[in-house]
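K.L.:
In case you want the letters, here they are:
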Amino acid sequence: MNATIDNLVTIYIDGSAYQVKAGGHLLEACLGLAQDLPYFCWHPALGSVGSCRQCAVQLYQDAEDQRGRMVMACMTPVAEGMRVSLSAPMASEFRQQCIEVTMANHPHDCPVCEEGGECHLQDMTLQSGHTQRRHKGHKKTYHNQDLGPCVGHEMNRCISCYRCVRFYQDYAGGDDLVVLGSRENVYFGRHQDGCLTSHFSGNLSEVCPTGVFYDKVVSDSYTRKWDLQSAPSICSHCSLGCNLSVGERQGQVKRVTNRYHSQVNGYFICDKGRYGFAHSNSDQRLYQAQVQPLGDTEKVSCDTLHGLDYVAQIMTELGAENVFGLGSPRASVEENFALQSLVGKANFYAGHNAAQGVIQTQVLHQLTQPNIYTPSLKQIEQADAIVIIGEDLLHTAPRMALSVRQASRNLGFAKAAAIGIPKWQDEPVRIHTQNQLSPVISVTSAATDLDDISSQCIHLAPSDMCNFAGALASAVEGQFDGSGLSAELNEQVQHSLALLAGAKRPLVISGASSQSPELIDLAAQLALALGRQSGSEAWLSYALEAANSMGLGLLNKDAKHMDDLALRLQQQTTPSALIVLQTDLFSLSTQAQALCENLRHLVVLDQLPSATSEHADVVIACASVFETEGTYVNNEGRAQRFFSVHDKLGRPDAWRSLTHLATMVTQAGHRSDTITQLASCTKFDDLCDLVSQQGGEFAHWCDVAPSAGFRIAGMKVPRQTHRASGRTSLYADENVSEAKQPEDVDSALGFTMEGTPINKPSALIPQVWSPGWNSNEAINKFQQEINGPLKGGEAGVRLLDTSPSLPLAEVAVIPSITLGAGQILAHTQNHLFASDRVSSLSSALKQRNTAISARLHPDTAAIMGLVDGDEVCVALAQTQWLLPLTVDASVAVDLLLLPNQYQAPISAGHLPAAVSLSAVTQEVN
Amino acid sequence: MNHGQSSNQAVTLPLSQHIKADGSVTSLAEYQANYGYQGLAKALSMSPVEVVDWVKSANLRGRGGAGFSAGLKWSFVPPLEKLPGQRYVICNADEMEPGTFKDRWLMEHDPHQLIEGLAIAAYAVQANTAFIFLRADYDLCAERLQNAIDEALAAGILGEQINEAGFSLTMLLHTSAGRYICGEETALINSLEGQRANPRFKPPFPQVSGLFGRPTVVNNAETLCNLPHIMYHGKDWFADLGLGDDNGTKIYGVSGRVNNPGCWELPIGTTVADIIALAGGMQDGVQLRGFLPGGGSTDFLTRDHLDLAMDYGTIQAAGSRMGTGTMILLDDQTCVVGMVLNLIQFFAQESCGWCTPCRNGLPFIRQILTDLEAGRGEHADLEQLLQLCGYIGIGNTFCALAPGAAEPLQSALKYFRDDFVAHIKQGCCPHGNSPVVNMDLEKEARSI
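So the protein sequences, as listed, match chains H and L. Under our numbering, think of the first position of the first sequence as 1, with each following residue one higher. Under our numbering, think of the first position of the second sequence as 1001, with each following residue one higher.
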C-alpha cells in the first residue's frame, strides 16, 4: 500500500481497529477488509443509493456508547475513530428481516433458474441467516417481456434493487429499460416487448443480483454454472482488449462474462464481446487440413501434419526467398511472430490495406513521443474534456464509449464535491448537477450514440474533419486566424476552443476507422496543443482496427502491408507462395483476385472458411481464440494473455502448426536463424522466450502472464470449479472408459478441478469464487480495495511506456481520392454487430444487425434526385451493391455512408473511395 | 365555524378571519380590506435577512407534521452572495394525510392568504419562482388559487419588480398527479421535476440542493398562511396566541363518529377534550376508545389522554405526535384491527417502492392483518407484527412513510391488544367485519 497516512482513517469494526481510505463509505471499507456484509443495491461502479437497506450496521458515538444506532453502511462516509458493529443483534436481525420480506415474493425456482448456483440473492440470504419462511400470502407474478435474442426476462424473481435501470440508464445511457409502477409493484422492463437497444444490455445479467435479467444465449443451451470449465481470455472483437472469462462444457463454448481488470474493462463489456463467441462452435468451422495438389480441381481433407508436410514441400521447392507471409491484426503476437520467423522479416507483410499500414506506423510514432501518454479506459474516465475525431466509438471501440460517458460526469462530480457530496452518493450527485456535463466534442461523419452527452456535435466529411482538427490545434496554440476555413467551421472551432479553455485533463480520441493517416497525425497535434495549454502530458487515445493491431504493428515496424505485397508479387519473376494467417484478402482490397493470380501456392491458416480459403490450395485448420493461448496488445499498448478454455479439438494451435512447419523445413535443409529458432520451440513458453529475445518493446514479454511452470502449493490453477460434476461421465457417450484429464504443457492452468480457487495471479483467474460468494460479486474478495487493482496486481504489461520514440516508417504516400464525373465520396458506417466474419456467426448478434442501408444528407440526396427508401446501386470499380437508401440529416453533405457489413460487396477495407450512385428503377409488372 | 374579527388589534384567530359562512371565496378586495398583503409589503420593505430573523424569532413551527421551525429552515439557504443564481420556494399543498383536510379549508376559502405567505417566504430566501404543489383532487382549490394568483398578478402584487429593490416573483400552480408520497418534500421536488416521486437522500438538504439542484424551501400551506399575520402583527402577538409552549393558532380537525366533524382554528395548545367537544361529542350509542391525534400516521392515544393540550411537546411526551393536528377517533363499535388494516393498506398502496422495508414490509404486515381480521390469525402473529413495526421503524427506512405507518399499528397493539387476541380466539372479527383489503389492487398486482 502506497497510501500516505493523510488519506487514511482509523475505524473500529466490532472492536478491532482498521485503517481505511478516507472519503469512502462503510460498506466499501468493510468489503475491502474482507468482512462479509450483505448488499443488493450498491454496486462498485454504480455507487450507493440506500434503497435495499441490506447493509445495515450499528454505529456508536464513542467507546462509551453501548446502544448505538443503525445506519446503512453504503450511505455512511467513514470518519476517523468511527465505531461500528456488523454483528450487533439489532443490525443483524434487521438484515435478516430485510431478506425475509424480500423473499416473501421471490419464487423458489432456484433449481431451474439461470442464476442458480451463482446467485447473489442466494448468497446474501444465507449470509443474513434468514431460514424460515413466515409469509402466508400468495407470491406476486408478473408478465415477462421478450427483450430480444440476448437478454431474458423473468420478472417474478425481481427483488427491486434498481440496479438494472441504474446501470442501463444512468451508467450506459440507454433509454428503453425503465422502472414502471410503484409500491410493491415496481416493474423493470420496457414500455412494450422488444429488443433492448443498448449495446451493453448483456451486462444486465451480471448486474442483476438474481435471475431477472439472464443471458438468453446461455439459457438456450443451459449448463449449470459450476459445471463450466473456464479460462481467462481477452476479447478478440476490437482493439481495447477487454478481459473475459469464457466457460465451456462438452467441447462447446457456453458463455462469456466480464473478467475484472481495474484499468481496462472494469465490470462491464459490450454485447459483441459477450455474445460474439458462437464462431467457435460453428458448424462452418474448419476441422481438418485440406490440400489441393497442382492440377487437381478439388481439395482433399487430411490431417494437419500431412497438410503441413505439403506446405513444407512447397517451401523447399520454391526456396525461402519466394515464400511470403501475411500476418493478421486479429491473430496473436505469437502467431504473427511465428509466421514472421518462418518466412523472414523481409517477406512478412501485415494483413491490412495501405491506409491501415500508414495509420499503424503513425500510431506507434505518436504514442511513443515523449510528451504523449495514452490512457487506459479507467484513466479515460478521469478526463475533464474530450475531443473525439472521426471515430464512432460505440461501433468501433464500444467499451471506450462507455468510459467517455463516465468522463462526461466529471464536471458534475466536481460540482457536487464543492458542497460536500462524495462521488459515490449517486442520486445526490445526479440531482445536484442535473444535466451539466464535462465538455465532449464529437466530430464524426454522422450522428453517434454519444451525441446525447456531447456539448458539441459536428458532422463533417473526412477532409473537413482534417481541416477542423488542424484549425483547432492551431487555435489552441493561439495561431489561428480563421483563414482557409468556412465561416461555419470557423464558428465551430471557436466554440470548441471556448469549451476546452479551462480543461486540466484534456483527451483527444481518434482512430483507424477514419482510414485517414492525416487525421491520426492531426489528432496528435491537437492533443499536444491541449497538453501544453493545460500544462500537462498530452493524453491521446486511438481506437485501432483489430484486437492485435498494435502487436502486429510492433512486429512490423516498417509497416509493410498487403498493397506492398501485391506490388512485390507483380515484380516477382519466380513462382511464389503466400501463407495467409487468419485473414480474408478479399475484404481488404479490391486487388485480391489479381494478387492470388500472381501466386503459385496460397496457404491459409484459419479457423473458418473465407473467400481466401476458397482460393487456397492448402488450408490448415486452426484453433479459435478459445482453444489456444496467445497475447494481444491492445490500443494502449497493453500486452494481455489469453488461454485455451478447452482441449476438445486436440489443440490445433496456429502457432504450433507454424513451429511444426519450421521443424519440417529445417529437416529439409533450411537453416535460417529465425526458422531454426522457431523449430526449437516445442511449448508456448519457448515461443514467448523467443519473442522476449526480440528485445525493445518485447523485452518483458515473459511478464505478461506466469509461465506454464507456475504452481500454487505445487498445483496448477484449475479451470474447473471445485463443484464441477459429471466429470467422469461427460464423454461417456463416446467412450465408457474414464479418460485421463488432458494435460496442458503450455500454461499454468489445468483441465481439472484440483488446485486452489483463491490467491491466483491476476492473469490466471478463470472465474471468481470465494467461500459464501458464488456470484460474480465475489470479485470484492479478489480486489486490493473496492474498484482497485486485483490482489495479484494488474495483469498484462504496457509495452509503450518505456519505449523510445519510434520513427515513422517510410511508406508510400496514399494517393488522394479524386472524384470523377457523377461520383461521390463513400465512407464506412460501422455497425458493432455487422462488421466481421467472426461475430456474424452469432445468431443472437445477427438478429441485432439492423440498419443495412446507405445514408445521405437530404441536400445531397435532393441534388442526386434520390429520396428516402429508394433502392440504390453503389458501384465501385467492377463491384456493384444494391441496397436501400436512408436520408439522414445528420450525415455530412456530399458524403455517402455505406454500412460495414461482413460479406458485403464493398467492405471497409475498400473505403474511402469514389463511387457512383444511382437509383435502381423499379420494374413495373 | 369561526368568523374573523374585523379589528386588527383583536385578532386572535387570524387564519380563519376571512372565511365566510357561505363558503364563498374571499376576493382580493375583501382580503385587502383587512390588512391583506400588508404583511408582504412590510416584508418587501425589509431586507431578506431581516425577514428570516423576524420569522425565526416568532418560532413558527411547521404545520405539515414535523413541527420544524420555519425561519430556521429558511436560514439554511446559502446567502445569495455565496451561492448566486436561481432558488425556489414551494408550497406543499399535497394534503393527503388520512383524516386531514385543513389546508383545503384555508385554500378554498382564502387563497390570497396563502399567496401572500408564499410570496413572503420567496422574498425571504430570494426566490424568484414559487410553486404551489397542490393535491390532485383539490379541484376547487385549484380553480380558486389560480384565480387569486391571476388577481394578484393583475394588481401588481406578484410579477416583475414588486418592490423598490426590484424583486420579481413568478408564482406557478402545479396540480399533482396524486400520490401520498408527494407530500414528502424531496419526493415532491422529484415529482415537480418530472421524475418518479421517490424521496431523496439527505444531505444535501433541499435548502442547499433542491429543485433542479438549486436551493429550495418547501413549506406546508398552513405554515405559510401564518406569515402575513406574523409580519403584520409581530412575534409577541404571535407568541400570545398560543396557550402553552407553542406559538400561534392551529387548525384542528376531528373525524370519526362525532356529531359535527370538521375543522376549526383554535389557539395552539387547546385540549383534546375541548376540540372533541367542538365537534359536538360522540354520536349516540358509541363510546370513544382512542384517537390518532395528528392524522393516520400517528400513534393512538386513549381516553386517558383527553385532557392533554394539543401541542407538539405535550403530545410527543404522551407517546404520539401532533402531526397535522387533525384527529381520527376510534369508537367502541369499530374494529381496531379493521381500522389499522385500512390504514396499513393505504400506506402500502402509497409506498413509492424505493426501499425494502416500506415496499415489502407493509404488504407483509397487510397480509398478517388481513388473516387476523378474517379470523385466520395465530398468537405468533402478534409478536411478528411488533417485530415488523420495529423493522419498518424510524431510521430504518429511506423516508418517514413506513415509520409513520407503523405508529397506529404499534400503539393499537399496545392499547388494544385484547381486540387482536379476540380475533384469534373467536376465529373471526368480533365486530363482524370482513377484511377490507382493496382486492382491485391485489388483482392488478397479479396481472402486470
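Bear in mind the hints are in silico, worked out from the structure with no lab data behind them. Accuracy of the hints is not assured; some may be wrong.
What the hints assert, rightly or not - Away from chain H, derived, C-beta distances all over 10 Å, residues of chain L: (1) Glu1081; (2) Arg1303; (3) Thr1334.
To be verified - Here are the computed lysine-lysine pairs in the DSBU-like style, where the Cα-Cα straight-line distance is at most 30 Å: (4) Lys139/H x Lys1082/L; (5) Lys1425/L x Lys136/H; (6) Lys1414/L x Lys504/H; (7) Lys136/H x Lys1414/L; (8) Lys299/H x Lys781/H.
Claimed, not checked - Which bits of chain L does chain H cover? Going by a derived footprint, with three or more residues having C-beta under 8 Å, they are: (9) 1053–1063; (10) 1143–1153; (11) 1242–1254.
A quick note: this is a predicted structure, and the numbers were derived from the prediction, not measured. Where a beta carbon is used, it is the ideal one built from N, C-alpha and C, also for glycine.
K.L.:
Can you confirm whether the C-alpha distance between lysine 1414/L and lysine 504/H stays at or below 30 Å?
P.N.:
Roughly 63 Å separates the two Cα atoms, so the pair is violated.
K.L.:
Are 3 or more residues of the segment 1053–1063 of chain L near chain H, judged by a Cβ distance of less than 8 Å?
P.N.:
It is violated: at least three residues are needed, and the segment 1053–1063 of chain L offers just 0 whose Cβ sits closer than 8 Å to chain H.
K.L.:
CA of lysine 299/H to CA of lysine 781/H, is that 30 Å or under?
P.N.:
54 Å, violated
K.L.:
Please verify that the nearest CB of chain H lies beyond 10 Å from arginine 1303/L's CB.
P.N.:
At about 34 Å from chain H, arginine 1303/L clears the 10 Å cut-off, so the statement holds.
K.L.:
Please verify whether lysine 139/H and lysine 1082/L have alpha carbons no more than 30 Å apart.
P.N.:
Violated. Lysine 139/H to lysine 1082/L sits at ~53 Å, over the 30 Å cutoff.
K.L.:
Keeping to a limit of 30 Å between CA atoms, is the pair of lysine 1425/L and lysine 136/H held or broken?
P.N.:
19 Å, holds
K.L.:
Does threonine 1334/L clear chain H by more than 10 Å, comparing its Cβ with all Cβ atoms of that chain?
P.N.:
25 Å, holds
K.L.:
Is it correct that the beta-carbon of glutamate 1081/L has no partner in chain H closer than or equal to 10 Å?
P.N.:
Label holds. Min Cβ-Cβ 16 Å, cutoff 10 Å.
K.L.:
Taking a Cβ-Cβ distance under 8 Å as contact, does the segment 1143–1153 of chain L have three or more residues in contact with chain H?
P.N.:
Violated - the segment 1143–1153 of chain L has 0 residues with a Cβ nearer than 8 Å to chain H, which falls short of three.
K.L.:
Are there three or more residues in the segment 1242–1254 of chain L whose C-beta lies within less than 8 Å of some C-beta in chain H?
P.N.:
Per the Cβ count (0), the hint is violated.
K.L.:
Does lysine 1414/L lie within 30 Å of lysine 136/H when you go C-alpha to C-alpha?
P.N.:
24 Å, holds
Of the numbered hints given earlier, the model fails hints 4, 6, 8, 9, 10, 11; all others are met.
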